[in-house]
Structure formats: C-alpha cells, structure tokens
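S.K.: Residues per chain, in single letters:
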Amino acid sequence: MPSSDAGRLGGEELGARLDGIFSFDVSSGRSYQELIDALAPLPREEQEFALHWAQVAARTHLEIAYLAVLLLPQALRRLSRRQAEAWLVAALEGFDRSGLRTAVVRLRDIEGFARGARGEVLALQDVDARLGRFLQGLSGRGLRVAAAEAAWTDTETVFLPPAIAVASREAGAERYKAIAALLWAQARYGTFNVDLDAALAAGPGRDAALAWLALLEALRLAARLGHELPGLRGELAVLLHDLPPQLDSARVPLAAPQAGVADSLEWLRQHPELLASPPHACAWLGALRPDEARRLRDARIRQQAEVLRLSVAELLESLREEKAASQLDLEADAERLEVKVMVDGQELTLPPEGLAAAQSLIQDLGEIPPELLVAAGEAPWKPADKPGSGAGATMETRADLLLDEWDYRRRAYRRGWCHVYLHTVGGDDLAYVPAVRARHAPLVRQLRRRFEAMRGEDRTLRRQADGPEVDMDALVEAIADRRGGAEPSPRLFCRRQRDERSLAAAFLVDMSGSTEGWINDAEREALVMLCEALEMLDDRYAIWGFSGWTRTRCDLYRIKEFDEDYGVDVQSRIAAIKPRDYTRMGPPIRYLTRRLLGEPARHRLLVSLSDGRPDDFGDDYRSQYGIEDTRQALLEARQAGVRSYCVTLDRNGPDYLKHMYGPAAYSVLDDVRKLPLKVAEIYRKLTI
Amino acid sequence: MNRPHMHALAPELETFAAEPYYQPVGRELELFAAAAQKKLPVLLKGPTGCGKTRFVEYMAWKLGRPLVTVACHDDLTSADLVGRYLLAGEETVWLDGPLTAAVRAGAICYLDEVVEARKDTTVVIHPLTDTRRVLPVEKRGELVRAPDDFLLVVSYNPGYQSVLKELKQSTRQRFIALDFDYPPAELEAAIVARETGIAGEIAAQLVKIAGLTRNLKGQGLDEGASTRLLVHAGHLIAAGVAPREACQAAIGRALTDDGDSVASVDDLIRAVF
Ligand SMILES: Nc1ncnc2c1ncn2[C@@H]1O[C@H](COP(=O)(O)OP(=O)(O)OP(=O)(O)O)[C@@H](O)[C@H]1O
Ligand SMILES: [Mg+2]
Chain A
1 MPSSDAGRLG GEELGARLDG IFSFDVSSGR SYQELIDALA PLPREEQEFA LHWAQVAART
61 HLEIAYLAVL LLPQALRRLS RRQAEAWLVA ALEGFDRSGL RTAVVRLRDI EGFARGARGE
121 VLALQDVDAR LGRFLQGLSG RGLRVAAAEA AWTDTETVFL PPAIAVASRE AGAERYKAIA
181 ALLWAQARYG TFNVDLDAAL AAGPGRDAAL AWLALLEALR LAARLGHELP GLRGELAVLL
241 HDLPPQLDSA RVPLAAPQAG VADSLEWLRQ HPELLASPPH ACAWLGALRP DEARRLRDAR
301 IRQQAEVLRL SVAELLESLR EEKAASQLDL EADAERLEVK VMVDGQELTL PPEGLAAAQS
361 LIQDLGEIPP ELLVAAGEAP WKPADKPGSG AGATMETRAD LLLDEWDYRR RAYRRGWCHV
421 YLHTVGGDDL AYVPAVRARH APLVRQLRRR FEAMRGEDRT LRRQADGPEV DMDALVEAIA
481 DRRGGAEPSP RLFCRRQRDE RSLAAAFLVD MSGSTEGWIN DAEREALVML CEALEMLDDR
541 YAIWGFSGWT RTRCDLYRIK EFDEDYGVDV QSRIAAIKPR DYTRMGPPIR YLTRRLLGEP
601 ARHRLLVSLS DGRPDDFGDD YRSQYGIEDT RQALLEARQA GVRSYCVTLD RNGPDYLKHM
661 YGPAAYSVLD DVRKLPLKVA EIYRKLTI
Chain B
1 MNRPHMHALA PELETFAAEP YYQPVGRELE LFAAAAQKKL PVLLKGPTGC GKTRFVEYMA
61 WKLGRPLVTV ACHDDLTSAD LVGRYLLAGE ETVWLDGPLT AAVRAGAICY LDEVVEARKD
121 TTVVIHPLTD TRRVLPVEKR GELVRAPDDF LLVVSYNPGY QSVLKELKQS TRQRFIALDF
181 DYPPAELEAA IVARETGIAG EIAAQLVKIA GLTRNLKGQG LDEGASTRLL VHAGHLIAAG
241 VAPREACQAA IGRALTDDGD SVASVDDLIR AVF
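Heads up: the protein sequence lines correspond to chains A and B, in order.
Residue 1 is where the first sequence starts when you use our numbering, and the numbers rise one by one after that.
Residue 1 is where the second sequence starts when you use our numbering, and the numbers rise one by one after that.
The hints are simulated quantities; they were obtained by calculation from the structure and are not laboratory data.
Simulated crosslink set (DSS-like; lysine-lysine; CA at most 27 Å straight-line):
hint : chain 1 : residue 1 : chain 2 : residue 2
1    : B       : LYS217    : A       : LYS678
2    : A       : LYS340    : B       : LYS45
3    : B       : LYS217    : A       : LYS674
4    : A       : LYS685    : B       : LYS119
5    : B       : LYS208    : A       : LYS340
6    : B       : LYS168    : A       : LYS685
7    : A       : LYS674    : A       : LYS685
8    : B       : LYS168    : B       : LYS45
9    : A       : LYS340    : B       : LYS217
10   : B       : LYS38     : B       : LYS62
Computed Cβ-Cβ distance ranges for the label pairs, DEER-style:
hint : chain 1 : residue 1 : chain 2 : residue 2 : range
11   : B       : SER162    : A       : PRO257    : 42 to 48 Å
12   : B       : PRO20     : A       : GLY517    : 54 to 60 Å
13   : A       : GLY517    : B       : THR48     : 36 to 42 Å
14   : A       : LEU475    : B       : LYS62     : 45 to 51 Å
15   : B       : VAL134    : A       : GLU564    : 45 to 51 Å
16   : B       : LYS62     : A       : LYS340    : 23 to 29 Å
17   : B       : PRO147    : A       : LEU401    : 57 to 63 Å
18   : B       : ALA88     : A       : LEU597    : 49 to 55 Å
Where a beta carbon is used, it is the ideal one built from N, C-alpha and C, also for glycine.
Extracted from the complex, chain A is given alone in its bound form (with noise of 0.2 Å):
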C-alpha cells in the first residue's frame, strides 16, 4: 500500500509514545530503543496500528506487548492486517488459556500462523447447533439458526453466513458466536420496539436509510453487548472495523448506556447527507428487515401475552378461596429479566412457564403493559364462540374410544370430543432389527451393560461390615476364630436389599407425516436401543405409535403391549412404524395414562416422543388451543400419579415448549443422530 512518508513518526515521538504504554523501570534493562528501531521505518498507518495492539496487549501483560512490538514488521510482510489482528488476539487468547509461554510461542509463529490463516473455512454447518445452544444460553429462548447470505434475524431465527473464510477453526465459531449475538441483541435491547416502517420514510431512500440504520445498531448493539458480556467484546471490535468512517462521530453517543434504537434514528435524521448511498456491505453486522421481525414478534407477543395470562389467572384462582377481590401488580425488571408479581401487596411467583413467558414478553417491549393482563381471572371464551371442526359429539361414530379434550378458552373439557381408534402396525420385516443391532453393537452392549447394573433383586448380602441384622454364621465363626488364635472377621451382618423397580413405562412416538426421513429413522433406533436395553430389566413396557386427523380420526398404533415379549412381532412391527398424518397430542397421552393406570405397578412412566409443536389439521390445534391441550394432559397423568417426559427433536423448539411440558419433564435434543442412546440413558436416569 502506497502510504504517504511524510506522516511517519520519527524515533522521539514513537519513544513517547511507547513510554505512556510501557513505562520501563530502568532496572529491567529494557530499553525502548530496540522497539523504536522496530517501528521506525514502518508507514504511520502501520505505526498506530502496532501502537494500538501494544496498547490492547499491554493491558495482559507488558511482555507480549515488547514482543508483539518488535515481531510486528515482520509479521505486516507475512499477514493481511486482519490476519495480524487475529495473531495477536490469539496470542492473547493463549495468554487467557494456558499463560504466557503459550502466548510467545504463538506470536513467534507468524509462519504456521500464515498457513492456518489461509484457506480456513468454517461452515455454518458444522457449528449450527453449537450456535442454537449459545443463543439459548443467552437468551431463554429458542432461536432458530439458519444460513443466508447476509446476517440478519426475524427475531425468531438467525440467519448467518453459509461458510466464513478465518484464521483456524476456532477462530471462526468465536466469529460467528458474535455475529448471533450481535443479531440476537437486536431483539433483546429494543432494535424493533418502535415502528421502524413509519419511522424511516417510504420513498427511494428507505433502502438506503435502513441499511444505515443497521450500521447504527450495530454499532450500538456491540456497546451494550460489550457491557453485558465482555467476553465479546474483541471479537465485536474486529467486526466493527468493517464500518464505514462516516459514522465515526456516532460511536460514542451510541455507546451510552441509554442509548436506544430512537438515538440512531435521531443521529440519522441528523445526517440526512447519507441517505443519497447506501453504505458498503457489510455481510456480517447484520441487516434489518423490519417488516418481517415485526409480524412474528406481533405474534409471539399475543401468544406469550396468553400463556401469563393463563399463568396469573390460574395464581389468583388458588388465592380466591382467601380473598375475592384482588389488587393485582406486575413489577418488570428489564436489566435482568426478572419479574414480580403482587397480589394484594404479597409477593407471588409465577410458574415456571409463566416466568418463561414474561421473560419473553420483556425482551420484546421492554416491559410488560398493564393491559396485557386486563383479561386476567375471566375466561374470555364465550357461547358465540365456533366450536371447531365438527358438528358435535352426537355424531354416530365406531371409534374405540372417545375422549375427553381440553378448551382453554371456555376452561372446561369438550366430553367425548377425540374419537380414538387402536390399530396393529402391520408390518413383516423381520431382517430390520437384527440389521440395526448388528450396525450398533458396540452401543447395545455397553447400554446392556448399564441397564444390567440397575437390576434390583430380592436378595440378603451376608458377611457385611454392618446392617441391621447380625449375621448369625458369622459371628459363630468368628468366636471360633478368636478362641482359636486366628484373627476374626468384622464383617458379621447381613443386610437384606429389597427390589424396588415395581414401574411400569408406556412409550409414545410420534408417527406424524413430519416425521418422514431422518426422524422416522431415529425413532426406530432407538426403539430398537431402548428394547435391547430393557431386556436387560423386568420393568414393564408398552410402546404406541400416534398420528390424527382432526379430532374425528385420533389413530394410535400398538407396537407392542405390557404383556408382550419383545419378540418377532414387536420386533417387525417396530420396523413397519412411518410416517402418517398429524400430531394431536392430547388424546395418546390420554390414552397412555389410562393404560398406566390399569398395571399393577408402583411407579409409572410415560415417554413420548415427538417432533415438536402439537399440530392437526384444518382445526385450531395448531394454535394455542393444542398446546393448552397437551399440557392439560401431562397434568391429568401427573394428578394421577403417572410421571411424564418429552424428548423433542425441535432443535429450536421456541418458547411454547416451557408452557406445554410445565407439568412434566422435557429436554430438546439438537440432534437426531443422538435420539437412539439418548432415549436409552434418559429411562435410565429416570429409573435408577
């Protein structure tokens, strides 16, 4: 790069300098000239630059920032400057991991710095999930994360970059990590809580004016996430030096601790001048497509407003015995995402997921409006409301059963609403279970192994150190022992260890069209898994398969019975399960519970397994209505004493899943390929 000499710092000033970021105690025979010989003859922009990172490093350690120094020249002929940066951050890096040996052979390495740097691609793929559980940590909700040219969020899913080119692999994950948080920061700190449309004028600058606008909050955004997670902060500033200078003046008014998304529309209003041109690309800072970020956190705030509302109103109808009318009050703390709810002056606390809820709420407007909790304690079902799908329960039907559903909105049950139908999965491949364990044997055995170690028996251990029963052969041999010289054993009780695994578990899985391909697949194994396991125990199991078509056509498939081996039968009908229609929960969790009820067990265990979101067609199950169904379904089978759990293969199963599995326990796996050994160890966990 042609760079004008004239600029240049001559030996004093550079000696200056470098004294206000090293201040050298005489007696460390250090002196400054060997640095000033270093940057000497560099141009001035390469000077500030190596000023600036002794700076930075200075503030690790006054070592790596000498060193840094004097290898600098050398490593501006080898590196990009942005690859220099990332030398040095990684030296620091070095410095943070393993001390400062590490950080000095990594700077001594400009050359295998050189080669790791080029053509070092990272794609999104391989850290997506990794990512989706960042963002979870970060935020306490599901974000999705998918790939698109340009970053950018609809507040629901991140959208990143197929593949970024980097220094070493590592590297690129830390790159991605802040453009997600840069973008999930656009939701959290109040990016669109005004009205960006009506703010930014319609016309031919609004492109131009939105772009610029992004730049804006993204530069205010990394101020705020500095803040909240200094952790960031490098990685944030080397994003930043993509900005354009034009919004140099902006950085420090942004950076403010206040500043909110109506400063940088102010400091744009200011500028009018940019509006002719749209800045630069900046493919990773993030741009803003209002308009869609709007309509699903419109959406998302009705559905979360519901969920608290249900929450309060369920809180105050456990009061209402005490009191009749209350005082309700909702303090919102936006910093740090917590609320509290009183009731009359006294401190309540919300359910789990109504806590969920909130915090959703608070993320998206800042605080949560008093009006969303008018409807609070009245159900806002009323008689003109349609029915749903269907003419009513008189209508003739050969179901097997018919069950009850729950309404939400009348807050009361629909009597014999599901029409329940109990087929045989038909099925004659009997070469697919053997398949399966032969291609995971090493993984059944070690999971046959675990499950052996769980078996309980009836049995008395003789011979121990101690228990509540004295061994009685023992102690005769032992007073025979010590009259005759030889030394007595201590161990002269017996303990008696009771079987306690009286549990009988139903399994559920869902058979819903969604699940065609991958899901289908995984379901099988681990079906396949869970029985070899199981084998290995003398608990009791059923496993169901289910899929609906409206709340006339509820299907549920027998794959195999309590009383059933798992034998050929089980085995070809677990390969005959695929992929049907829809997903209406509420009725095979109902069904489940009933059968559970019926064994002759101590404990009882329901497991389903879904894809995710509870969802039927042409009805409203799909809405709020099915999940409030589901979870009045895991909450009968918890009244009645059966425990469930839900593994979800939604990677980024969103907020709805707290609500829906509140009464029971749930995890999420990122993974179908975990789904086989995952459902082993969880009945495991559950049972030991």
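Dock chain B with the ligands against chain A, hints included.
M.R.: Below, chain B with the ligands without anything else, positioned relative to chain A:
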C-alpha cells in the same frame, strides 16, 4: 483390628460457636423460627447447591441447638438412623444412631436428600413428625420421647428426575415446606463475593455465567450452575487461577461430561470472561 465403620456410626453433634454466614433471601428465617417454636418439622425444597445446608447450620446457631446431619443414600437402613447392637468382645453394646442421638439431645436433625433413602427407612420418622413426637427403638423395646427442642428437618431436590425417587404424600404432608432457589442476581453475587473474597464485579460476572447456563437446563444440561459452583469458581479465582480457566474447571466440566454441552458452557463462559 480397627473397625472404621464403628467410628462412622458414632453420631456427631455439631454445635456452632461462631455465626455461620447465611444471607437470607426471602422469609425463610421467620418461617423456620415459627415452625421450630411450634415443633413442626420442616421440609426444604430446592435445587442442589442453593444454600439449604448453610441455612440449617445458621438456624442451629441462631436457635442455639446442636445439629446432626445425615446424608441419605439408597443403602441407608432404619438401623443406620436409629441405632444398632455392636459386638464388643463377646458382649453386645447398643449404639444410638444419629436420629436417636438427636432426639435425646434435643437437637436439630437434618436428613439431607431424604428421597435418596429407601422408602422403608423414611417410615421411621413418621411417629416423630406428628403430635406423638416419639421414636420407637424397636430393638431395645424403648420409646424415646422427643424433648421440645428436637426438630426434624429434611431436604429434597424436586428437580430429581427419577420416578423411583418421589417423596410419598404420606411423608411430605407432615412438613412445613420452604422453597429454596438460587438467590436473585445481586444477592447471589454478594454471597459469592463474601464467601470467596473476590471482587464484587467478578462475582457479578460469575452470576451472569450461572444465569446463562440455567437457560440451558433441559437443552443439554440437567441443571444450571448452582451457587455452590460459583463459590468454587470464586475460590479458584481468589487462588490466582484465571477466571476463564476457573469457570471451565469449576462450572463447565463440573456440570456435565457430554462434550457438546461442555463446549456450549465454555462458549457462554467466554462470552463473559
Ligand atoms: N443464602 C446463602 N448464604 C450464604 N451462602 C450461601 C447461600 N446460598 C448458597 N450459599 C453458598 O453456596 C454453598 C452451597 O450451599 P449448600 O451447601 O447450603 O447447598 P445445598 O442447598 O445444601 O445443596 P445440596 O442440595 O447439594 O446439599 C454454600 O457453601 C455457600 O457457600
Ligand atoms: Mg446440602
């Protein structure tokens, strides 16, 4: 020959001369004191490492009563609680178990993780937890009457996922239940700073990390980081370990063995430190 298990059986009555540090979070001090005054047994519910044990120690000090702690496990028999005959020479001698010792001494008896004990073991506390307030020592044909100062406290973690380990209704309905949870962020930071001597700012950052990991509960982690883990991390930092490394050792790898989950916690740690 030495018989170490005999020593292990000798019940320990702990008395607290100095005030244990306990930071109240809600109204637990008042409720516990009222329960103790009315001789009502207390059930402490809450996740692991949120201060239950510390709270009981504090209350023992405050009420001036000795404390007997029993960590329950699935091999714990009723004899382990009540007592048993031992052989000494060719004689048999009776040794009180911790529960009996606590009853006789008018102590607070704290059964930690009571769900871990076998069901037939938990039954022995029933006559102690209703108005009878007696402990039958069947082997000796003795009925030990509890003095007014005796108080039974049990703890359990409702997050436990094993179906086999639920507290039976007939047991749980005998107790005054106090809910414990991780303290609000500011208090938790104050606790960590006070326990470890690290700066308030660093403690606040540890608490932030804990909050992030708690968001991963059910999504790879069975539990988020407890206050105890933060205290551990704080101790390491106070001993000169770099914050990141301290968190990785005390939090990340302590929470889980699963490689992906460790990596995720690590990502969160590095977002803060
Ligand atoms: N409110 C508090 N005041 C003081 N210290 C606390 C408080 N809460 C937690 N701690 C700290 O956390 C540590 C762990 O708490 P403690 O051992 O009491 O947990 P616990 O709830 O008994 O856990 P577990 O269920 O695993 O036995 C304590 O040693 C203490 O350092
Ligand atoms: Mg404890």
